[in-house]
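J.: Protein chains in written order, with the UniProt record's numbering: chain P, 1 to 427; chain D, 1 to 427.
For the record, the hints were derived by calculation from the structure and aren't laboratory data. All values reported here derive from a predicted model rather than from experimental measurement. Don't take each hint at face value.
Given that identical chains are not distinguished, each listed pair holds provided it fits within a single copy or across any two copies.
[Claimed, not checked] With a straight-line Cα cutoff of 20 Å, these simulated DMTMM-like cross-link-like pairs (lysine to aspartate or glutamate) come out: (1) 228 x 17; (2) 118 x 317; (3) 21 x 134; (4) 118 x 106.
There are 2 protein chains.
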Amino acid sequence: MAVTTAPATFADQIGFDEKLKAARAASRVLATLPSERKDAALRAIADRIVEDSARIIEANALDLEAARDNGLSTGLQDRLRLDEARLSALAAAVIDITALVDPVGESIRGRTLPNGLKINQVRVPFGVVGAIYEARPNVTIDIASLALKSGNAVILRGGSAAENSNRVLVESIQAALVSAGVPAEAVQTIDEFGREGARRLMQARGYVDVLIPRGSAELINTVVAESKVPVIETGAGVVHIFIDETADADLAAEVVHNAKVQRVSVCNALETLLIHRGAADRVLGPVLDALRASGVTMHADSATRLLYADSVDATEDDWRAEYYSLDLAVKIVDSLDEALEHIQTYSTHHTESILTQDFTNAERFLAEVDSAVVMVNASTRFTDGGEFGFGAEVGISTQKLHARGPMGLQELTSTKWLVRGTGQTRG
Amino acid sequence: MAVTTAPATFADQIGFDEKLKAARAASRVLATLPSERKDAALRAIADRIVEDSARIIEANALDLEAARDNGLSTGLQDRLRLDEARLSALAAAVIDITALVDPVGESIRGRTLPNGLKINQVRVPFGVVGAIYEARPNVTIDIASLALKSGNAVILRGGSAAENSNRVLVESIQAALVSAGVPAEAVQTIDEFGREGARRLMQARGYVDVLIPRGSAELINTVVAESKVPVIETGAGVVHIFIDETADADLAAEVVHNAKVQRVSVCNALETLLIHRGAADRVLGPVLDALRASGVTMHADSATRLLYADSVDATEDDWRAEYYSLDLAVKIVDSLDEALEHIQTYSTHHTESILTQDFTNAERFLAEVDSAVVMVNASTRFTDGGEFGFGAEVGISTQKLHARGPMGLQELTSTKWLVRGTGQTRG
Numbered sequence: 001m002a003v004t005t006a007p008a009t010f011a012d013q014i015g016f017d018e019k020l021k022a023a024r025a026a027s028r029v030l031a032t033l034p035s036e037r038k039d040a041a042l043r044a045i046a047d048r049i050v051e052d053s054a055r056i057i058e059a060n061a062l063d064l065e066a067a068r069d070n071g072l073s074t075g076l077q078d079r080l081r082l083d084e085a086r087l088s089a090l091a092a093a094v095i096d097i098t099a100l101v102d103p104v105g106e107s108i109r110g111r112t113l114p115n116g117l118k119i120n121q122v123r124v125p126f127g128v129v130g131a132i133y134e135a136r137p138n139v140t141i142d143i144a145s146l147a148l149k150s151g152n153a154v155i156l157r158g159g160s161a162a163e164n165s166n167r168v169l170v171e172s173i174q175a176a177l178v179s180a181g182v183p184a185e186a187v188q189t190i191d192e193f194g195r196e197g198a199r200r201l202m203q204a205r206g207y208v209d210v211l212i213p214r215g216s217a218e219l220i221n222t223v224v225a226e227s228k229v230p231v232i233e234t235g236a237g238v239v240h241i242f243i244d245e246t247a248d249a250d251l252a253a254e255v256v257h258n259a260k261v262q263r264v265s266v267c268n269a270l271e272t273l274l275i276h277r278g279a280a281d282r283v284l285g286p287v288l289d290a291l292r293a294s295g296v297t298m299h300a301d302s303a304t305r306l307l308y309a310d311s312v313d314a315t316e317d318d319w320r321a322e323y324y325s326l327d328l329a330v331k332i333v334d335s336l337d338e339a340l341e342h343i344q345t346y347s348t349h350h351t352e353s354i355l356t357q358d359f360t361n362a363e364r365f366l367a368e369v370d371s372a373v374v375m376v377n378a379s380t381r382f383t384d385g386g387e388f389g390f391g392a393e394v395g396i397s398t399q400k401l402h403a404r405g406p407m408g409l410q411e412l413t414s415t416k417w418l419v420r421g422t423g424q425t426r427g
Numbered sequence: 001m002a003v004t005t006a007p008a009t010f011a012d013q014i015g016f017d018e019k020l021k022a023a024r025a026a027s028r029v030l031a032t033l034p035s036e037r038k039d040a041a042l043r044a045i046a047d048r049i050v051e052d053s054a055r056i057i058e059a060n061a062l063d064l065e066a067a068r069d070n071g072l073s074t075g076l077q078d079r080l081r082l083d084e085a086r087l088s089a090l091a092a093a094v095i096d097i098t099a100l101v102d103p104v105g106e107s108i109r110g111r112t113l114p115n116g117l118k119i120n121q122v123r124v125p126f127g128v129v130g131a132i133y134e135a136r137p138n139v140t141i142d143i144a145s146l147a148l149k150s151g152n153a154v155i156l157r158g159g160s161a162a163e164n165s166n167r168v169l170v171e172s173i174q175a176a177l178v179s180a181g182v183p184a185e186a187v188q189t190i191d192e193f194g195r196e197g198a199r200r201l202m203q204a205r206g207y208v209d210v211l212i213p214r215g216s217a218e219l220i221n222t223v224v225a226e227s228k229v230p231v232i233e234t235g236a237g238v239v240h241i242f243i244d245e246t247a248d249a250d251l252a253a254e255v256v257h258n259a260k261v262q263r264v265s266v267c268n269a270l271e272t273l274l275i276h277r278g279a280a281d282r283v284l285g286p287v288l289d290a291l292r293a294s295g296v297t298m299h300a301d302s303a304t305r306l307l308y309a310d311s312v313d314a315t316e317d318d319w320r321a322e323y324y325s326l327d328l329a330v331k332i333v334d335s336l337d338e339a340l341e342h343i344q345t346y347s348t349h350h351t352e353s354i355l356t357q358d359f360t361n362a363e364r365f366l367a368e369v370d371s372a373v374v375m376v377n378a379s380t381r382f383t384d385g386g387e388f389g390f391g392a393e394v395g396i397s398t399q400k401l402h403a404r405g406p407m408g409l410q411e412l413t414s415t416k417w418l419v420r421g422t423g424q425t426r427g
């Protein structure tokens, strides 16, 4: 068992193992807790976050101070910051989760076999969910609430940059759980065990049922490569739009602008624009005009640069770039086939969209692009649990096992088969 | 990329990488192949297996000879053996798969969003499936056929003991595929690369979408621990039956006998019998009589041995044993709670069954036992894709991610979201 082979340097081994075991024990209580009890606990968490806001903001100030001292970017500092308004919004989001349908117990398939056995596949919680994320204390509340609603215990590793904030947040959540008669160990942090704790969480097969990394591509890649616990890979998006020969120019200008500019730092934002050579003269002008007006820098292939010299030369790196900024790779292609080939080569299989009026090409793109979400005539920014109507989002899975695309509560569950008989034996 | 960092000793590196790339290319063709084309290819495979039976049996004889020389158990030798009758049965099983519903393209969920976007979640093939198994050439035909029907390319690692059989079988399958206009590379073996090939298959993220190990607990554990490709864990079953205080004695004798004796070498066979102290006098006698009559050796706790002295003393190892033989661990417990605790501690989360007439206890057992299949008053031998009506079985998943319990064609698919719009942008 991985957790019994700790290196001697891991001083807090017993504390760590005890937390995992306590999570498993709590998960058994959560698994059969009725929705109304879980919703009461969620309301208690929302109340407590507001009541404890002064303490939480005080702890958060320590993290912000350290972030400034460590030269964290202003963007990351902003993600780290908690204030009254943000805590109220987080509390309101927790209340929203009470309104969602509890996925646990849903019957998915069932029938009576010829021999009279009644078989029924139902949704059950995973058990213990591990979450590894970075410097975003809002994720602590978010994941804890979604795990609770779906009947899972959760072990949180939020990273050293938000350690003070997360410690106080987990204390508040645990106090709320206890007040609602739910075991405090349903939500635990292992931040105090540092990187070694994260490493051991990834080894904890049998204690942790699934691990969800949220954050940078580097974080996700590390977890995917090192974890022995099953991982749901989320995130990285080298997102493409292909403007086909028949695309409407106004629609293309609006959709491309929205996909690139509306919010640049998210995984469903556009990173590479492909355009059919036959549409370059008619459509590319209006598209690039709109982007330029918002300050987008184009990294373009030579064919595009012949038409629009105010772009930067694209290199191989640009086709692989997840810019998260006002930069866009642009390439002219000769055909739908060349676009499909480019996407096959460079996509991270998150979201791709074709803009076209050609039915056959639209259907080919939908069928042949191997991504979690494939669109026709729509902004890639719609790949989102909220937009899809899930009410809350755990993340966007870019893998093919278990969940693919936006993950809601349902994706935080497993299934089991219930079989009811009257003494049947197999012949 | 793992596949580019081969040790110098891996002589056939280029051949290996080329096979993976060819599988990916074939998977793109398979993904959009209509059912009738896939079914035609399956019929061609069935025909070809029968036509080529002399060649296949000749190659199989080489493996059988090596197995005898290497002192393989008679049980394993029997699993390795192919003859006319077995090949005909395998061909018939391939034909049976043509009758199953193609899971690809099934619409799972869909709606029109308030902004008019039409979203639709559909089943798609994984892409490339890897299978690692041991000395069972029937699995070669089985997995290849199921992968083909579900639109997946497959890379097979069947183990050195069946290398000659598998090579000829894959040649026959490939010839059949080509005759049906399907790329030969849809089904490939990497047996020629030996253990290093298996190791590299487990590292081939991006080339292989999911890996399915089938065979001994040791094989499965190795793949689960070492693979960087997502794995679906199948198999190992320390399967329990709990005879509750109110169980019917005749029913218990029949069900326990069936679960233990009907076929001992399978993962859904009974390994540990728990019985409520209050039923020991009334029920345990008939149950053990029936088992004894079939030559079952009881490994019993001291309480059971007081009543039935012809049993062997159980040790801690017996509670963890997957005997695969006419042996059974037996323990008297004081309560349903003690039974649940024992199962929680020792179960491999495959299948457990309670025999009871008490409604509340039945429902508690169904709710609280954390296994892929949980039964009331039924033999554990029913955990089986064929029995569940799936028509064919890939294996029995004992993990919680993606698939749990018997896996049919549906479990060999992923999903993707299709989004059709008219130029929607996000506000």
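J.: Of the hints stated earlier, which fail here?
T.: Hints 2 and 3 contradicted; others consistent.
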